[in-house]
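**Student:** Going down the list, the sequences are from chains A and B. To convert, note that position 114 of the first sequence is 114 in UniProt numbering; the numbers rise steadily by one, no gaps. To convert, note that position 52 of the second sequence is 52 in UniProt numbering; the numbers rise steadily by one, no gaps.
Please note: incorrect hints may appear among the correct ones.
[As the list claims (entries may be wrong)] Per label pair, the in silico range of CB-to-CB distance: (1) A:ARG14 to B:TYR91: 16 to 26 Å; (2) A:ASP40 to B:HIS69: 15 to 25 Å; (3) A:THR110 to B:ASP152: 39 to 49 Å; (4) B:LEU65 to A:LEU72: 38 to 48 Å; (5) A:LEU69 to B:LEU65: 34 to 44 Å; (6) A:LEU69 to B:ASP163: 22 to 32 Å; (7) A:THR57 to B:LYS181: 39 to 49 Å; (8) A:SER94 to B:ASN67: 41 to 51 Å; (9) A:LEU69 to B:LYS181: 29 to 39 Å; (10) A:ALA65 to B:LEU58: 35 to 45 Å.
[What the hints assert, rightly or not] List of simulated lysine to aspartate or glutamate pairs, EDC-like, C-alpha gap at most 20 Å: (11) B:LYS133 to B:GLU182; (12) B:LYS156 to B:GLU9; (13) B:LYS17 to A:GLU41; (14) B:LYS138 to A:GLU3; (15) B:LYS46 to A:ASP19; (16) B:LYS181 to A:GLU41; (17) B:LYS132 to A:GLU41; (18) B:LYS164 to B:ASP152; (19) A:LYS8 to B:ASP128.
Because the hints were derived from the structure by calculation, they are not lab data. Source: prediction; values computed, not measured. We treat Cβ as the ideally placed atom computed from N, Cα and C, and that holds for glycine.
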Amino acid sequence: MDEQDIIKKLRNLRQTSPDRLWREKSRSMILSQIAGTAADEPVGGLFFFLNFITRRTFAVFSQPAAVALTVLVFVLGGSVFSLWAAKGSIPGDSLYIAKIINEKAKLAFTFDEKEKAKLNLSFAGNRAKEMGQVRQNEQAAPTGGQEDKIEKLSVNFQEEIKAVKSRLNKIVLKPKIAQPEKPDNSADPVQSVGGQPADSNEPEELVQVFGANVEKSERGLQVAGGPASAPAQSPPASADSQPSEQASNTPAVADQSAPEAGDPQTILAEAEKLFLEQDYEATISKLEEINALIENGQGEVNGESAAASGSSTSESAE
Amino acid sequence: MPKKNIFSESLIFQKLKYKDKQAFGELYDHYVDDIYRFIFFRVNSKEDAEDLTSAVFLKTWNYFLENFHSEYNSLKPLIFKIARNAVIDHYRQARVKNNQPLEQIRPEELLDEQQDLDRKIDEGFQSDQIVKKISLLKEEFREILILKYINDFSVKEISAIIDKPPGTVRVQIFRALKALKEIMPN
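The shape of chain B in the complex, shown without the other chains (with noise of 0.2 Å):
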């Protein structure tokens, strides 16, 4: 999915003020992928990755419903903030602890469906053992790294997100890459 400039998401925002669904539309099609991804490394399963990307979107159409004068400026902080108290509420709900075990999740299905069988075993594989380190850390060394290196978000951007000075956000990323070196194997 190619980037929206500032200027594309700027018109986007203003039209979804307007009830657009067309640009609603274009909003789904925009973050479906990084919004998932977000919520899939949180909580550990497919199915409820996808329930709740889906409740995420519908949130931020009630949000327009309710905010036509809203307090952001742009899109991605906040739906992303809409991810993360999704994310909160379903741990609630589900009292599902951090440290989840992760059987139910196939390693094939941490990669893109169109990559070869052999090639997604093998990077699965890989890639699963990072996934399962990364559940063995605090929630807030989780969300970071994966909004650092998995969503691929500026300091500045994770800043708006979690509300946090991005001094604070920057001696965050630093201690959960410390902590996840400390527990991988060598």
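Bound conformation, chain A alone (with noise of 0.2 Å):
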């Protein structure tokens, strides 16, 4: 006999059963013992049963996978509360690290060059915002507090414009046709407005798409036309003096070969004008405008554009 068989056969004693008639005698026996000591009325009502549900729900969420979810879930969904709540905040908000951490991690997370740059227009966007709110707050409670995040704002707003710029670069929309001379080469390729990138091997009437017209120097933040100006690693001395040293540079902008309508470098430079002279609205507008180009442009990421480069008009699809 086998161990199958011996299982079966156990299997059968479940039928044994005590006797019927013996049941129910002895279940009245027992229901009249405990009588004296039970309950007058049955067990129920609202407290009891939520009583009940509050230690069910205890004792299920006491088991370790469900405390893990839980706190899985508060987890998430803090933090999409928090970044919800971070959306408006300003420096100074204790939420506003949120804000910048959430931002830093969107841009980690993207690895196509266009939608980097389209990122770094939003955040350029933001600083643009906050900057706007910070001098409204400033004026309606004047505190004298405010230069410190003014500075940062503005430092924070030329890296964002610097990103953007150096992406364009390397993104090549179409090719454009005005070549103005050549910007002089920056130890820092990044740095390089309108100049060919150190690593880059395109043609420079390719690269220097979007660096007509821009003057490229040493921090390569400046208007083309003047000479290379307050470098842009370093904050300026004070929000105040940046204005009158654009301004010098504003004409020589016009001076240069006109660019075209639509050029997203132009553009960046007119956003840039627009926050040094406080004009927050319309700063936010232009970087809209050059978000839009890169959106309905047909362009490819540098390096790719080999095929394309033959093609003056080239639609090459994205």
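If you follow the hints, you should be able to join the two separate chains into one complex; please do so.
**Tutor:** Shown next as structure tokens:
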């Protein structure tokens, strides 16, 4: 006889049951014996059920897997909520750091140059918005302690613009015509606004698509035409000094061989100028304009455009 | 008797803490057959099994009278532990040996009284044979085979009742089956 036969025979013994008559008599006897110590009425009611549900819920959620899942839900939910709550925060708010971290995380997880450029534009727009709010708050309730925030916002805005310019250099949207004087080579290829990046193999005319009319400075931030002025790496001495410096350069832009309307680099320069003039709404509009150009443009990231470079109107699909 | 789900068992458990007589009746209806089977194949006497089954339910009621804040979260391990202890006490009091003669058990007593008599007698003899062999096993083997194959408990449930790790329970089941196989006729 093998084990399966034995198990089968054992399972047959499940049919064993107490005598029905005995079962009924025993039940009555036991219930009558406990009657003296039992509750007068059956237990129930709202309080009892609430207490029961609470206990059951606690019993379920005390399981390790349920605890881990709950923590994950709260962390993710908390993250989403805090990001949503941080959306309108400005420097000095407790959630502002969460906003910045979120921006950096988005950038880190984006791999397409065009999308990165759009993100940088969006972040620059955020800085402009925040700057507007900070100035508004200062006007409404002058405390005199906003200079630091203004300075930091200004620096961050410039950094975002710098990043956009750098990315636009890598994206060939359309080959342009105007080739101004070759900008000076900068030690830092990232700073070359209109020049050829050190690691680029593309012909100059294509690489300089967005560099037209922009004189490269060591910092690469100033609009073309004038001598390189205040470096962008170090924050400007004060926000007030910038407009005058920029103003001196502004005519130079106009003097350059006129860029085509809709040239992102030009619009970017205009956005910078408007920012320095504290016209933040207009700055944001310009940034959105550039974003639309990138969105609607049919371009390729530099390096893939060898085939596209042959055609004057490169309409290569994205 | 349809199996109750975990939720309704938990509800009965909570009500018993508040000495609900109706809940106790439900407890009795749900567990009386299982408890009876568990005790019957340990003591091999119908009368003793009936007495002990009634005692187990009264002891369970007393447990709830004395322990509002019970360490247990469910009914099954609690009531079967009480049943297990009742059997051990019975052995001590009656000084019954493991190989108690089974003449007092009639084969048809092993099966449900609803079945027709011929089938009862035939299956009863087959069951009688295995019951006799089970009674020859040592107590811990007998107990574990009853819990596993007659009461149909999982390894986890058995582990909670006899206070042994699930791994040990699995090994015991394997050894018990092997021991029973050795004494069963071919």
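**Student:** A separate judgement is required for each hint: does it hold in the structure or not?
**Tutor:** So, going through the hints one by one against the coordinates:
1. For ARG14 of chain A and TYR91 of chain B, the Cβ-Cβ distance of about 24 Å falls inside the hinted range of 16 to 26 Å, so the restraint holds.
2. Look at ASP40 of chain A against HIS69 of chain B: about 22 Å separates their beta carbons, and that is inside 15 to 25 Å.
3. Distance hint for THR110 of chain A and ASP152 of chain B: a CB-CB separation of about 58 Å, inconsistent with the stated range 39 to 49 Å.
4. For the pair LEU65 of chain B and LEU72 of chain A, the beta carbons lie near 43 Å from each other, so the given range of 38 to 48 Å is met.
5. Checked against the hint of 34 to 44 Å, the C-beta distance between LEU69 of chain A and LEU65 of chain B comes to roughly 38 Å, which is consistent with it.
6. Taking 22 to 32 Å as the suggested C-beta distance range, the pair LEU69 of chain A and ASP163 of chain B conforms, at roughly 30 Å.
7. A beta carbon spacing of about 47 Å between THR57 of chain A and LYS181 of chain B agrees with the range 39 to 49 Å that was offered as a hint.
8. Between SER94 of chain A and ASN67 of chain B the C-beta distance comes to about 49 Å, which sits within the given range of 41 to 51 Å.
9. Judged by the Cβ atoms, the range 29 to 39 Å given for LEU69 of chain A and LYS181 of chain B is violated: they are separated by roughly 45 Å.
10. Range check, ALA65 of chain A to LEU58 of chain B: Cβ separation about 39 Å, and the 35 to 45 Å hint holds.
11. Simply put, LYS133 of chain B and GLU182 of chain B have alpha-carbon atoms about 10 Å apart, close enough for the 20 Å limit, and the pair holds.
12. For the hint linking LYS156 of chain B to GLU9 of chain B, the alpha-carbon distance of about 17 Å falls within 20 Å, and the restraint holds.
13. Taking the CA atoms of LYS17 of chain B and GLU41 of chain A, the gap is about 14 Å. The hint holds against a cut of 20 Å.
14. Annotation: proposed proximity of LYS138 of chain B to GLU3 of chain A holds, straight-line Cα distance about 18 Å (limit 20 Å).
15. Note on LYS46 of chain B and ASP19 of chain A: the hinted pairing holds, with a Cα-Cα distance of about 9 Å set against a maximum of 20 Å.
16. Restraint check for LYS181 of chain B and GLU41 of chain A: not satisfied, since their Cα atoms lie roughly 53 Å apart, outside the 20 Å limit.
17. Between LYS132 of chain B and GLU41 of chain A the alpha-carbon distance is near 47 Å, which puts this suggested pair outside the 20 Å criterion.
18. Under the criterion of a C-alpha separation no larger than 20 Å, the hint pairing LYS164 of chain B with ASP152 of chain B is consistent with the structure, at around 17 Å.
19. Only pairs whose Cα atoms come within 20 Å are accepted, and LYS8 of chain A paired with ASP128 of chain B is accepted, the gap being roughly 14 Å.
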